[in-house]
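Chemist: Read off the chains here:
Protein chains: 2
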Amino acid sequence: MNQPLAVGIDIGGTNTVFGIVDRRGNILYQGAIKTKDHPDISVYMDALHKGVSPLIDKATATGDQIKGIGIGAPNGNFYHGTIEFAPNLPWKGVIPLANLIREQFGFPVEVTNDANAAAIGEMTYGAAKGIKDFIMITLGTGLGSGIVINGQLVYGHDGFAGELGHVVVEREGRHCGCGRYGCLETYVSATGIVRTMLELLREKKTDSVMRDMKTEDITSKAICDAALEGDQLAQEAVDYTANILGMALANYIAFSAPEAIVLFGGLARAGDLLIEPTRRYMNDNVLRIWKDKVKLINSELRESDAAILGASALVWEMKE
Amino acid sequence: MNQPLAVGIDIGGTNTVFGIVDRRGNILYQGAIKTKDHPDISVYMDALHKGVSPLIDKATATGDQIKGIGIGAPNGNFYHGTIEFAPNLPWKGVIPLANLIREQFGFPVEVTNDANAAAIGEMTYGAAKGIKDFIMITLGTGLGSGIVINGQLVYGHDGFAGELGHVVVEREGRHCGCGRYGCLETYVSATGIVRTMLELLREKKTDSVMRDMKTEDITSKAICDAALEGDQLAQEAVDYTANILGMALANYIAFSAPEAIVLFGGLARAGDLLIEPTRRYMNDNVLRIWKDKVKLINSELRESDAAILGASALVWEMKE
Numbered sequence: 001m002n003q004p005l006a007v008g009i010d011i012g013g014t015n016t017v018f019g020i021v022d023r024r025g026n027i028l029y030q031g032a033i034k035t036k037d038h039p040d041i042s043v044y045m046d047a048l049h050k051g052v053s054p055l056i057d058k059a060t061a062t063g064d065q066i067k068g069i070g071i072g073a074p075n076g077n078f079y080h081g082t083i084e085f086a087p088n089l090p091w092k093g094v095i096p097l098a099n100l101i102r103e104q105f106g107f108p109v110e111v112t113n114d115a116n117a118a119a120i121g122e123m124t125y126g127a128a129k130g131i132k133d134f135i136m137i138t139l140g141t142g143l144g145s146g147i148v149i150n151g152q153l154v155y156g157h158d159g160f161a162g163e164l165g166h167v168v169v170e171r172e173g174r175h176c177g178c179g180r181y182g183c184l185e186t187y188v189s190a191t192g193i194v195r196t197m198l199e200l201l202r203e204k205k206t207d208s209v210m211r212d213m214k215t216e217d218i219t220s221k222a223i224c225d226a227a228l229e230g231d232q233l234a235q236e237a238v239d240y241t242a243n244i245l246g247m248a249l250a251n252y253i254a255f256s257a258p259e260a261i262v263l264f265g266g267l268a269r270a271g272d273l274l275i276e277p278t279r280r281y282m283n284d285n286v287l288r289i290w291k292d293k294v295k296l297i298n299s300e301l302r303e304s305d306a307a308i309l310g311a312s313a314l315v316w317e318m319k320e
Numbered sequence: 001m002n003q004p005l006a007v008g009i010d011i012g013g014t015n016t017v018f019g020i021v022d023r024r025g026n027i028l029y030q031g032a033i034k035t036k037d038h039p040d041i042s043v044y045m046d047a048l049h050k051g052v053s054p055l056i057d058k059a060t061a062t063g064d065q066i067k068g069i070g071i072g073a074p075n076g077n078f079y080h081g082t083i084e085f086a087p088n089l090p091w092k093g094v095i096p097l098a099n100l101i102r103e104q105f106g107f108p109v110e111v112t113n114d115a116n117a118a119a120i121g122e123m124t125y126g127a128a129k130g131i132k133d134f135i136m137i138t139l140g141t142g143l144g145s146g147i148v149i150n151g152q153l154v155y156g157h158d159g160f161a162g163e164l165g166h167v168v169v170e171r172e173g174r175h176c177g178c179g180r181y182g183c184l185e186t187y188v189s190a191t192g193i194v195r196t197m198l199e200l201l202r203e204k205k206t207d208s209v210m211r212d213m214k215t216e217d218i219t220s221k222a223i224c225d226a227a228l229e230g231d232q233l234a235q236e237a238v239d240y241t242a243n244i245l246g247m248a249l250a251n252y253i254a255f256s257a258p259e260a261i262v263l264f265g266g267l268a269r270a271g272d273l274l275i276e277p278t279r280r281y282m283n284d285n286v287l288r289i290w291k292d293k294v295k296l297i298n299s300e301l302r303e304s305d306a307a308i309l310g311a312s313a314l315v316w317e318m319k320e
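Heads up: the sequence lines are chains P and Z, in that order. First residue of the first sequence? That's 1 in our numbering, and the numbers climb one at a time after it. First residue of the second sequence? That's 1 in our numbering, and the numbers climb one at a time after it.
These are calculated hints, taken from the structure and not from any lab test. Take the hints with a grain of salt, since some may be wrong.
Pairs involving identical chains hold if they fit within one copy or between any two copies, as the list cannot separate such chains.
[Claimed, not checked] Listed next, the in silico BS3-like pairs over lysine-lysine satisfying Cα-Cα at most 25 Å (straight line):
id: 1; residue 1: 214; residue 2: 295
id: 2; residue 1: 132; residue 2: 319
id: 3; residue 1: 92; residue 2: 291
id: 4; residue 1: 293; residue 2: 319
id: 5; residue 1: 293; residue 2: 92
id: 6; residue 1: 205; residue 2: 50
id: 7; residue 1: 34; residue 2: 58
I would like the entire structure built from these sequences, with the hints used as guidance.
Modeler: Shown next as structure tokens:
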């Protein structure tokens, strides 16, 4: 068919997933290797090559052509094509990832961080199609973000823009992995809502199904499930999370006046549970000119596909 | 000489100032009319035409050509060329300013708000020359801002992006003119530092030269002067202001990772008085990757010229 194809590679702390994607976002072939089994980067590169090459061969057998390789990785730097000091990956320091992959495969390569890749994926294939100004918020263990202005991802002068999980929302608040206090992601993330729930269990006397659970079973999913089943304390934890997220989003709107904010990830998947109160708090707190004007929507990409799609979408942004 | 020239018009609540500017930022001719003497917009347009036309005639007598007219105005909307619901101007509702001026003068016209105009002026003629990613903060009665990313001013999807004075920095904090509580400009602005000083005078017993002053004499300038002369309570007011501004800037950096932040306006003019402690608080609070990396600098435009220069700079950004 001679259509152009993109390779998307998402490097996570545990797994690396990859796939061959067409212009419309169909994943034609996919695979995975363990990231953490390869503490030596050159051994990892060999394993990656062994995993991806057969897929490329299959995909191009019909005459289709690989346009390039897009990579999403924690602490990925778009300008340098590097991974820089990623705490959750096995390789230390600065890894010249784009160069290594380019040498292995011989295709053009772009690298960015996982939240930026998610934003580009959403813009290319998902809920942000046709939207030129939006903010992507990914809710996982932490809170990641990608900011799109005028159809372009914002990288800043150094490639690290869009760290909205590390905006301080509570002075002298919760201690964050970054060493500071009160960052948004210590409240709004899978780990943040668990901290909230544990605090509520300690501080309040309200009955809750979670009182009989072992601490390690109190996950963000368990809290959302309990809230959906009517557990009052779990609902309070969700409301507290929505309140802090809504206020933070109201502030972010004052920065870039986006048309939409897109939520992605585990916490965002519980239907309207989080998004509905977040939208209310956002509109309660935003400057009047934006009241009820900025859309707050859930991602339209399936969680299992999103990482590959996001990384692959980088390829369509490449200059010829 | 046949050089292109720009007309810059800055509409303020009291005065409208205008000038003819060359590509290097020399103001060749300038003038002013009273804004508030003309509550009728069509009478104002006539007065403006009478003021500006003779300057255009003089400037073009040698063969130079007017490329266009740039206008900075409170609540100016770049996309619509309008002034929308400006509380401090005599005209109510939505004023189709660009159309009115185009009809009067017959040149291409662009409109933006005053802080955005200041940012473009700084990028074209001032401290931000050659810098593609920066944030402009204007400290006047309120706090205005203009955000430049990739050499482009950020307007957002509706033309109102960059309202950093209305980021809430203190939940349930000071009441703001926008109707909400705790906005940055209620702390960091000429009026904000006066509120801080009055609070300190009430709450503390520390001696201060300001204790004997009439309330109306306690201006931001008087506070800065007293602080420079060693008044401890005035210094405390400056430090408090710097602390809140520094923390806010640390958060803004997480958004767009700018190379520099430029301060402009009365409060910023007191030499290093405000900027030095602000820089310290900013670096104390910023995410580690940006520590001591983002420049905090004062504007290089003279206050008296800046409004005209900023408005005129819009013209050089016009597409041919």
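Chemist: As a check of your reading, is residue 205 near residue 50 (CA-CA no more than 25 Å) within one copy, between copies, both or neither?
Modeler: neither (56 Å within a copy, 74 Å between copies)
Chemist: Check residue 293 against residue 92 for me: Cα-Cα at most 25 Å, and say if that holds within a copy, between copies, both or neither.
Modeler: Answer is between; shortest inter-copy Cα gap is 22 Å, intra-copy 44 Å.
Chemist: Can you give me the call for residue 214 and residue 295, within, between, both or neither, at a CA distance of at most 25 Å?
Modeler: neither (38 Å within a copy, 49 Å between copies)
Chemist: My question is about residue 132 and residue 319: at a cut-off of 25 Å on alpha-carbon distance, are they close within one copy, between copies, both, or neither?
Modeler: both (18 Å within a copy, 20 Å between copies)
Chemist: Indicate which option fits the pair residue 92, residue 291 if close means a Cα-Cα distance not exceeding 25 Å: within, between, both or neither.
Modeler: between (45 Å within a copy, 21 Å between copies)
Chemist: With 25 Å as the alpha-carbon cut-off, assign the pair residue 34 and residue 58 to within, between, both or neither.
Modeler: within (22 Å within a copy, 74 Å between copies)
Chemist: At most 25 Å between C-alpha atoms: does residue 293 with residue 319 qualify within a copy, between copies, both, or neither?
Modeler: neither (34 Å within a copy, 30 Å between copies)
When each numbered hint is compared with the structure, violations occur for hints 1, 4 and 6.
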